[in-house]
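Residue numbering for the first sequence is 309 to 904, as defined by our numbering.
Incorrect hints may appear among the rest.
Heads up, simulated BS3-like pairs for lysine-lysine below, C-alpha to C-alpha not over 30 Å straight-line [what the hints assert, rightly or not]:
#, residue 1, residue 2
1, LYS797, LYS406
2, LYS681, LYS763
3, LYS546, LYS609
4, LYS609, LYS677
5, LYS677, LYS764
6, LYS703, LYS533
7, LYS484, LYS511
8, LYS559, LYS497
9, LYS343, LYS383
10, LYS545, LYS582
11, LYS545, LYS531
12, LYS504, LYS533
13, LYS527, LYS546
14, LYS497, LYS703
15, LYS855, LYS406
16, LYS835, LYS343
17, LYS383, LYS532
18, LYS603, LYS527
19, LYS703, LYS343
20, LYS626, LYS603
21, LYS681, LYS609
22, LYS484, LYS456
23, LYS855, LYS397
24, LYS545, LYS527
25, LYS456, LYS701
These aren't lab readings, by the way, just hints derived from the structure by calculation. Quick caveat: nothing in here was measured; it's all calculated off a predicted structure.
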Amino acid sequence: MQLQNAISQSISQALQTLFNLSVDASQISLQPTRKEFAGSFTFVTFPYTKQLGKGPEQIGQALGEYLKEHAPEVKDFNVVKGFLNLEVKEAEWLRLFKELMQNRAYGQAEPSGRNIMVEYSSPNTNKPLHLGHLRNNFLGYSVAEILKANGHNVMKVNLVNDRGIHICKSMLAYQKQGNGETPESSGIKGDHLVGKYYVLFDKAYKEQIDELVAQGMDKEEAKKKAPLMLEAQEMLKKWEAGDEQTVELWKLMNSWVYAGFDQTYRNIGVDFDKFYYESGTYMLGKERVEEGLQKEVFFRKENGSVWVDLADEGLDEKLLLRADGTSVYITQDLGTAELKYNDFPYDESVYVVADEQNYHFQVLKATLKKLGKSYAEGIYHLSYGMVDLPSGKMKSREGTVVDADELVQEMIDTARQQTEELGKIEGFTPEQAQELYHTLALGALKYFLLKVDPKKRMLFNPQESIDFRGNTGPFIQYTHARIAAILRKASEMGIVAEATSFEGVANLHEAEQEVIVQLVNYPEVVKEAGNLYAPSVIGNYAYELAKAYNRFYQEISIFNETDEQARNFRIALSAMVARLIRESMGLLGINVPERM
RNA sequence: GGUCUCGUAGCUCAGCUGGAUAGAGCAACUGCCUUCUAAGCAGUAGGUCUUUGGUUCGAAUCCAAACGGGAUCACCA
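Construct the complete structure from the given sequences, taking the supplied hints into account.
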């Protein structure tokens with residue numbers, strides 16, 4: 309970056325000196341040179357032809373000659389049409405490399421003083437996590453890490469949806485058919501056990517609907533009138549009224565689910581600084597609604613329901629409180645927003661929630677603004693696309709949902725199988741092998757889900773996503789393991805590759821230079837990923853870095869190099885690549901192995 | 001129907017604030033392991049960047065429209 313700035317500065321000077329044209333250096337943009345031409349940076353001269361009344365080649369030629377003479381970084385140049393390609397001196401690349409290697413906090417931005425809250429995961433407590441949740445969890449965790457690397461003060465929170473009709477469905481089915489089954493007695497993980505009863509409810513409920521329809525009732529009506537649905541609603545009312553027995557069962561079943569979630573979270577390596585529970589926040593929302601009525605930014609309809617008119621924001625009227633005074637989804641979000649802000653006065657509050665809720669978040673933000681809440685401005689909906697299967701949309705009702713725990717286990721099995729096939733498991737203790745499989749499995753899965761732009765809907769193909777070759781997590785992990793082997797060997801040989809140990813290196817191979825270019829880019833990449841809330845930017849970078857290194861690894865020998873300085877440089881270069889692979893993968897929540 | 005969003009190789013995806021002959025991976029084909037881990041490297045083949053118009057020196061990228069997917073517009077969450 310500073311290299312680009314320096315060159316831009318020189319170009320600005322050149323334009324002034326040669327053509328008497330004043331252009332600020334910040335206005336001069338350089339782009340990476342396409343690989344079929346010599347050079348590292350390219351300056352496009354087309355935009356200046358009119359003002360200067362000269363041809364693009366002519367301008368490029370004149371600038372190139374000036375830069376070669378006056379810019380200390382520029383080694384040579386070539387002009388192709390309106391493109392001035394600049395080659396940078398090898399000494400300059402080496403200097404940059406030494407500099408970044410000595411910077412212990414390389415890639416970590418200065419503290420920004422900004423507080424950012426990141427809410428993610430936010431599960432319902434009536435069933436286990438599925439593939440869609442995995443994208444959410446990986447995204448949320450990764451974005452939080454990326455924001456930290458950008459110098460922000462980050463708090464990760466999980467808002468658990470622990471109340472509502474869906475939980476009552478599981479509870480009801482359990483009451484009827486549970487026979488006192490527990491996770492201990494059945495050996496079923498708590499969230500799966502509760503999910504089992506949710507499915508049982510749904511099955512029986514469907515049967516009732518079919519029956520009613522067979523009797524001639526309209527399907528929509530049957531859905532509302534089915535006895536089981538009425539019972540579930542009754543149970544919800546009892547819960548809201550604090551009925552002891554209902555609350556007791558609710559607590560018991562939720563505790564099973566939490567134990568299960570806890571296990572899954574630990575297994576997939578995500579964590580939270582704080583949990584919020586909707587049962588603990590939904591009442592607060594009603595206070596905000598009351599506040600809005602007093603401020604006269606909300607209004608009450610004849611039947612008693614409360615609304616906000618967001619027409620001036622290009623949105624509709626929105627219900628905030630039902631006629632019977634009970635809260636709806638957005639009511640509790642109004643309360644939770646305030647609670648969050650009181651706990652952690654944020655500059656920004658990120659909600660990692662699927663794009664089906666885009667409208668909801670527009671409404672939430674607009675409504676809080678109407679209430680005059682200053683923190684409304686900081687609300688940012690990190691909206692991500694749904695995960696599709698080759699068979700189409702995931703539908704829990706049709707049983708096409710991919711269970712998170714099962715998927716992770718399948719990935720681990722595949723990792724084991726692949727590793728054994730390749731015969732790469734010699735010298736591992738069983739525990740180490742197990743750890744490796746886990747690292748590879750999650751690396752493959754996380755990378756697969758994070759390499760795609762979050763905003764885009766994506767396809768999860770079970771066959772491809774468990775691939776360990778090509779543009780995958782394990783490919784990058786493998787590159788790290790290779791370097792680790794080199795570093796072990798260097799260490800055995802007593803080589804310490806410090807900046808001083810290769811000061812005499814004069815020429816660089818092309819492959820070496822390409823690796824340095826990648827290394828130099830890293831801070832910019834972290835910044836961009838932060839600005840865009842996009843782990844995919846980091847993922848693409850890690851892949852490019854690993855690819856550049858593997859090219860180098862293939863073409864250039866390290867330990868057969870007779871020039872000690874050159875050898876030391878290559879070891880240092882390798883160490884730095886390993887470090888940035890570890891860092892960047894860490895930003896994705898992916899661990900890297902020492903051996904594989 | 002209104003609003004929002006997406007459309008790039010057979011498949012899955014990159015392509016930054018407009019720049020050169022649009023790039024990866026998978027799948028197909030060809031080479032490279034007595035030399036630091038072949039989960040690798042090098043190469044061949046594969047494209048009307050959905051279409052049409054506009055902006056300009058220049059458009060996959062910006063604007064408009066059309067076509068085709070998806071989401072949403074509940075006293076559901």
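So, going through the hints one by one against the coordinates:
As the CA atoms of LYS797 and LYS406 are separated by approximately 22 Å, the hinted pair is consistent with the 30 Å bound. At roughly 28 Å between alpha-carbon atoms, LYS681 and LYS763 fall within 30 Å of each other, so this suggested pair holds. A distance of roughly 27 Å separates the Cα atoms of LYS546 and LYS609; the hinted pair therefore holds under the 30 Å criterion. Proximity of LYS609 to LYS677 is assessed by CA-CA distance (about 21 Å); at most 30 Å being required, the pair is judged to hold.
Our distance criterion of 30 Å between C-alpha atoms is met by LYS677 and LYS764, whose separation comes to about 29 Å. Of the pairs offered as hints, the one joining LYS703 and LYS533 holds, with about 24 Å between alpha carbons and a cut-off of 30 Å not exceeded. At roughly 13 Å between alpha-carbon atoms, LYS484 and LYS511 fall within 30 Å of each other, so this suggested pair holds. As the CA atoms of LYS559 and LYS497 are separated by approximately 16 Å, the hinted pair is consistent with the 30 Å bound.
Note on LYS343 and LYS383: the hinted pairing holds, with a Cα-Cα distance of about 17 Å set against a maximum of 30 Å. Proximity of LYS545 to LYS582 is assessed by CA-CA distance (about 29 Å); at most 30 Å being required, the pair is judged to hold. Between LYS545 and LYS531 the alpha-carbon distance is near 19 Å, which keeps this suggested pair within the 30 Å criterion. Among the hinted pairs, LYS504 with LYS533 is consistent with the structure: their alpha-carbon atoms are about 24 Å apart, no more than 30 Å.
Straight-line distance between C-alpha atoms of LYS527 and LYS546 comes to about 27 Å, which keeps the hinted pair within the 30 Å bound. Only pairs whose Cα atoms come within 30 Å are accepted, and LYS497 paired with LYS703 is accepted, the gap being roughly 22 Å. The suggested pairing of LYS855 with LYS406 holds, with an alpha-carbon distance near 22 Å, which does not exceed 30 Å. For the proposed pair LYS835 and LYS343, the alpha carbon gap of about 25 Å is at most 30 Å, so the pair holds.
At most 30 Å may separate the alpha-carbon atoms for a hinted pair to count; LYS383 and LYS532 exceed this at roughly 77 Å. At most 30 Å may separate the alpha-carbon atoms for a hinted pair to count; LYS603 and LYS527 exceed this at roughly 43 Å. Proximity of LYS703 to LYS343 is assessed by CA-CA distance (about 46 Å); at most 30 Å being required, the pair is judged violated. A threshold of 30 Å between alpha carbons decides the hint, and for LYS626 with LYS603 the separation of about 17 Å falls inside it, so the pair holds.
Restraint check for LYS681 and LYS609: satisfied, since their Cα atoms lie roughly 24 Å apart, inside the 30 Å limit. Restraint check: the Cα-Cα separation between LYS484 and LYS456 comes to about 48 Å, which exceeds 30 Å; the hinted pair is violated. Simply put, LYS855 and LYS397 have alpha-carbon atoms about 23 Å apart, close enough for the 30 Å limit, and the pair holds. Among the hinted pairs, LYS545 with LYS527 is consistent with the structure: their alpha-carbon atoms are about 25 Å apart, no more than 30 Å.
Between LYS456 and LYS701 the alpha-carbon distance is near 34 Å, which puts this suggested pair outside the 30 Å criterion.
Hint compliance for this structure: hints 17, 18, 19, 22, 25 are broken, all remaining hints hold.
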